[in-house]
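Each protein sequence line maps, in turn, to chains W and Y.
The numbering used here applies: residue 1 is where the first sequence begins, and numbers increase by one.
The numbering used here applies: residue 1 is where the second sequence begins, and numbers increase by one.
Keep in mind that a hint or two might mislead.
[Unchecked claim] Mimicking EDC-like on lysine to aspartate or glutamate, the simulated pairs with C-alpha atoms at most 20 Å apart in a straight line are:
(1) Lys44/W x Glu71/Y
(2) Lys45/W x Asp145/Y
(3) Lys176/W x Glu160/W
(4) Lys129/W x Glu49/W
(5) Lys176/W x Glu188/W
(6) Lys221/W x Glu144/Y
(7) Lys37/Y x Asp5/Y
(8) Lys3/Y x Glu213/W
(9) Lys78/W x Asp17/W
(10) Lys149/W x Glu160/W
(11) Lys148/Y x Glu58/W
(12) Lys45/W x Glu71/Y
(13) Lys176/W x Asp121/W
[As the list claims (entries may be wrong)] Ranges between beta-carbon positions, derived for each pair:
(14) Gln215/Y x Gln62/W: 40 to 46 Å
(15) Ala50/W x Ile135/Y: 15 to 21 Å
(16) Tyr12/Y x Thr60/W: 55 to 61 Å
(17) Leu41/W x Leu177/Y: 39 to 45 Å
(18) Phe42/W x Gln210/Y: 42 to 48 Å
(19) Val59/W x Arg213/Y: 56 to 62 Å
(20) Thr200/W x Arg213/Y: 38 to 44 Å
In case anyone wonders, no lab produced these hints; they're calculated from the structure.
A quick note: this is a predicted structure, and the numbers were derived from the prediction, not measured.
Every residue gets a Cβ at the ideal spot worked out from N, C-alpha and C, and that includes glycine.
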Amino acid sequence: MRLLCILVVVEQQALSDFTVLFIFATSGMLILAGGIVFFVLFYKKRMLEARLREQHMEVTYQQKMMEAALESQESERKRVAADLHDGVGAMLSAIRMNLSTLARTESVSTETVQPVKTMLDETIESVRKISRDLLPSTLEKFGLSVALKEMCERFQSLTEAGITFNEEGEAMAMEKSREILVFRIVQELINNALKHAQATAIAVRVNWGEQLEIVVTDDGKGFSPDIQPKGLGLFNMQNRARVLHGTFNITSNNPSGTKATLTVPLT
Amino acid sequence: MTKLDVLILSVYFQWFVSLAVILSCGLNYYKRPRYVKVLFFYGITSFIFSTLTHYVISRDNYLINAYVFLETLILSSLYYQVGNSVLFRRMIIVGVISYVIFYSSAYLYFPTYVFSAIRVGRDLLLILFSVSYFIYLLYQLPEEDLLKFPMFWINTAVICFFSGIFVLSYFRDYIVLVLKDDTAGFWAFRNFYGTAYWLVLAYAGWLNLQSIRAQKSDLSH
Numbered sequence: 001m002r003l004l005c006i007l008v009v010v011e012q013q014a015l016s017d018f019t020v021l022f023i024f025a026t027s028g029m030l031i032l033a034g035g036i037v038f039f040v041l042f043y044k045k046r047m048l049e050a051r052l053r054e055q056h057m058e059v060t061y062q063q064k065m066m067e068a069a070l071e072s073q074e075s076e077r078k079r080v081a082a083d084l085h086d087g088v089g090a091m092l093s094a095i096r097m098n099l100s101t102l103a104r105t106e107s108v109s110t111e112t113v114q115p116v117k118t119m120l121d122e123t124i125e126s127v128r129k130i131s132r133d134l135l136p137s138t139l140e141k142f143g144l145s146v147a148l149k150e151m152c153e154r155f156q157s158l159t160e161a162g163i164t165f166n167e168e169g170e171a172m173a174m175e176k177s178r179e180i181l182v183f184r185i186v187q188e189l190i191n192n193a194l195k196h197a198q199a200t201a202i203a204v205r206v207n208w209g210e211q212l213e214i215v216v217t218d219d220g221k222g223f224s225p226d227i228q229p230k231g232l233g234l235f236n237m238q239n240r241a242r243v244l245h246g247t248f249n250i251t252s253n254n255p256s257g258t259k260a261t262l263t264v265p266l267t
Numbered sequence: 001m002t003k004l005d006v007l008i009l010s011v012y013f014q015w016f017v018s019l020a021v022i023l024s025c026g027l028n029y030y031k032r033p034r035y036v037k038v039l040f041f042y043g044i045t046s047f048i049f050s051t052l053t054h055y056v057i058s059r060d061n062y063l064i065n066a067y068v069f070l071e072t073l074i075l076s077s078l079y080y081q082v083g084n085s086v087l088f089r090r091m092i093i094v095g096v097i098s099y100v101i102f103y104s105s106a107y108l109y110f111p112t113y114v115f116s117a118i119r120v121g122r123d124l125l126l127i128l129f130s131v132s133y134f135i136y137l138l139y140q141l142p143e144e145d146l147l148k149f150p151m152f153w154i155n156t157a158v159i160c161f162f163s164g165i166f167v168l169s170y171f172r173d174y175i176v177l178v179l180k181d182d183t184a185g186f187w188a189f190r191n192f193y194g195t196a197y198w199l200v201l202a203y204a205g206w207l208n209l210q211s212i213r214a215q216k217s218d219l220s221h
C-alpha cells in the first residue's frame, strides 16, 4: 500500500515536471516559428516600400528630364526667335530702306522696284510671324488668357476657318514656365485641327475654376483611336500635360469632330 | 467534464474542420491549382483516418503511424508543387527519400522508439520545408498582399503546427510509457491545436476559391 502511494506521488511529480518542460519548450518553438513568419511579413513590407520608393524616384527623374527637355526646347525657340527678329528682320528692313533710297536716287523704274519691295514686305511679315510663333511675346507681357485669345484671333485672320474663343471665370496668374506649356498644347491642337483635320470651325473654351480646364473642339475629319499617330504632336502634348501634373484627354467622334480636354491644377 | 471528455471533443473538432478543408479545396476542383488539389487530398486522408481510428479500429497506433507517413508524403508533394526552384525541389526529393529510409529503419532497428522517432522525423522535415519555402518566398515575393496569398497561410500553418507539436512528438514514448494515465490533456492540446491548423488550411483554400471566382467574374465581364 505504502509502495503504491510512493509510486503515485512520483508519477504526479513526473507529470508536473514534464508539464512545465512541455510548456516552456513548446512556447520556445512557437516563438521561433512566429518569429520567422513575422520576419517574412516585415521583410515583404520593407521590400514593397523600397520598390515603391524606387518607382517614385524613377517617375520624378523622368519628370525632371521631361521638364529639362521642354525648357531647353523653349530657350532654343527664344534664341531662334530673337535671331530672326533682331538679325534677319532688321537686315531685311535695312535692305528695304536702301532699296527705296536707291529707287529715288538712281534711274531705276518704279515697276522694277515695286515687286521687289512687295516680296521684301512679305518676307519681313513671314519672319515676324515665325518669330511671334516661336516666342509668344503677349504671353510674356500679358499672361496666358490674353495670349490664347490673341493666338485664336491671329489664326482666325490667317485662315478661312472660324475660330471662337470663350472664357469663363477669373484668369489666375501661373508660373511663366507653366503658362508656356499650356499655350503650346493649345497651339498644337489648333494647328492639328487646321492642318490635319481640315476643320472649318474650332472652339476654344477656357474655364478658370478650382483648376484650369481648356476644351478645344473642332468639326474636322477626326481620327480613329485604333490608328497609331505618326507624328510626335500627341505625344508631346501628353508629356507637357504630365509636366503640368494635369490630365489630357483627346476623343474623336470618327468620322468627324475631335474634342480635346486639358485640365491643369492651379496650385 | 473530465479530461477524457475534452479529449473526445477535441477529436470531433479536428474531424469536423478537416471536412471544412475538403469543402474549401474541393469546390471548383478542376480549376484549382495543383497545391490546392493536394490540400484537398490531405483533408480527405485526415478525414478517413480520423473516422477509421475513432470509430472502426479504435486506438490502433500503427494505423496512426501510417497516417504520419502519408501526411509527410502529402505535405512534401504540396511543397514540391509550389516550389519552382530546382534546388528547392531537389531538397524535397532528398528529404522524402531520407524520411522513407528513416521510417523503415525505425521499424526495423529501434521499434521501441518508433512512435516518437517517425513523428520527430516528420516534424523536422516539414519545419525544414516550410522554413525553406519562406526563404524561397523572400526571393520570389509575390506582388500581391502576402496575407491574401494562400500559400503564405498554408506555410504559416505548417511551420506553427509542427513546431508546436514537436516537443509532444519527441516525448511521445515517454508520455505513454512513464506518465501512462492522466495524459489526455496533452493529446487534447494537440487536437485543439490541430483544429486551429486545419482551420487555417481551410482559410487558405477559401482564399484560393475567392481568387478563382474573381477571375471567373472578370472573364465574364
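Cross-check of the supplied hints:
About 30 Å separates the Cα atoms of Lys44/W and Glu71/Y, which puts this hinted pair outside 20 Å; it is violated. Proposed proximity of Lys45/W and Asp145/Y is supported: the alpha carbons are some 9 Å apart, at most 20 Å. Note on Lys176/W and Glu160/W: the hinted pairing is violated, with a Cα-Cα distance of about 31 Å set against a maximum of 20 Å. Restraint check for Lys129/W and Glu49/W: the C-alpha separation of about 52 Å exceeds 20 Å, so the hint is violated.
Annotation: proposed proximity of Lys176/W to Glu188/W holds, straight-line Cα distance about 18 Å (limit 20 Å). The suggested pairing of Lys221/W with Glu144/Y is violated, with an alpha-carbon distance near 45 Å, which exceeds 20 Å. Our distance criterion of 20 Å between C-alpha atoms is broken by Lys37/Y and Asp5/Y, whose separation comes to about 34 Å. The suggested pairing of Lys3/Y with Glu213/W is violated, with an alpha-carbon distance near 76 Å, which exceeds 20 Å.
Taken as a hint, the Lys78/W and Asp17/W pair is broken in the structure, with Cα atoms around 90 Å apart against an allowance of 20 Å. Distance hint between Lys149/W and Glu160/W is fulfilled; the C-alpha atoms sit about 17 Å from each other, no more than 20 Å. With a CA separation close to 28 Å, the supplied pair Lys148/Y and Glu58/W exceeds the 20 Å bound. The straight-line distance between the Cα atoms of Lys45/W and Glu71/Y is roughly 33 Å, outside the 20 Å bound, and the hint therefore fails.
About 33 Å separates the Cα atoms of Lys176/W and Asp121/W, which puts this hinted pair outside 20 Å; it is violated. Roughly 33 Å separates the CB atoms of Gln215/Y and Gln62/W, a value that falls outside the hinted 40 to 46 Å. For the pair Ala50/W and Ile135/Y, the beta carbons lie near 19 Å from each other, so the given range of 15 to 21 Å is met. For Tyr12/Y and Thr60/W, the Cβ-Cβ distance of about 60 Å falls inside the hinted range of 55 to 61 Å, so the restraint holds.
Checking the proposed 39 to 45 Å range against Leu41/W and Leu177/Y shows it holds: the Cβ atoms sit about 41 Å from each other. Here the CB-CB span from Phe42/W to Gln210/Y is close to 25 Å, at odds with the stated 42 to 48 Å. A hinted range of 56 to 62 Å for the beta carbons of Val59/W and Arg213/Y is inconsistent with their spacing of about 34 Å. At roughly 54 Å, the beta-carbon separation of Thr200/W and Arg213/Y lies outside the given 38 to 44 Å, and the hint is violated.
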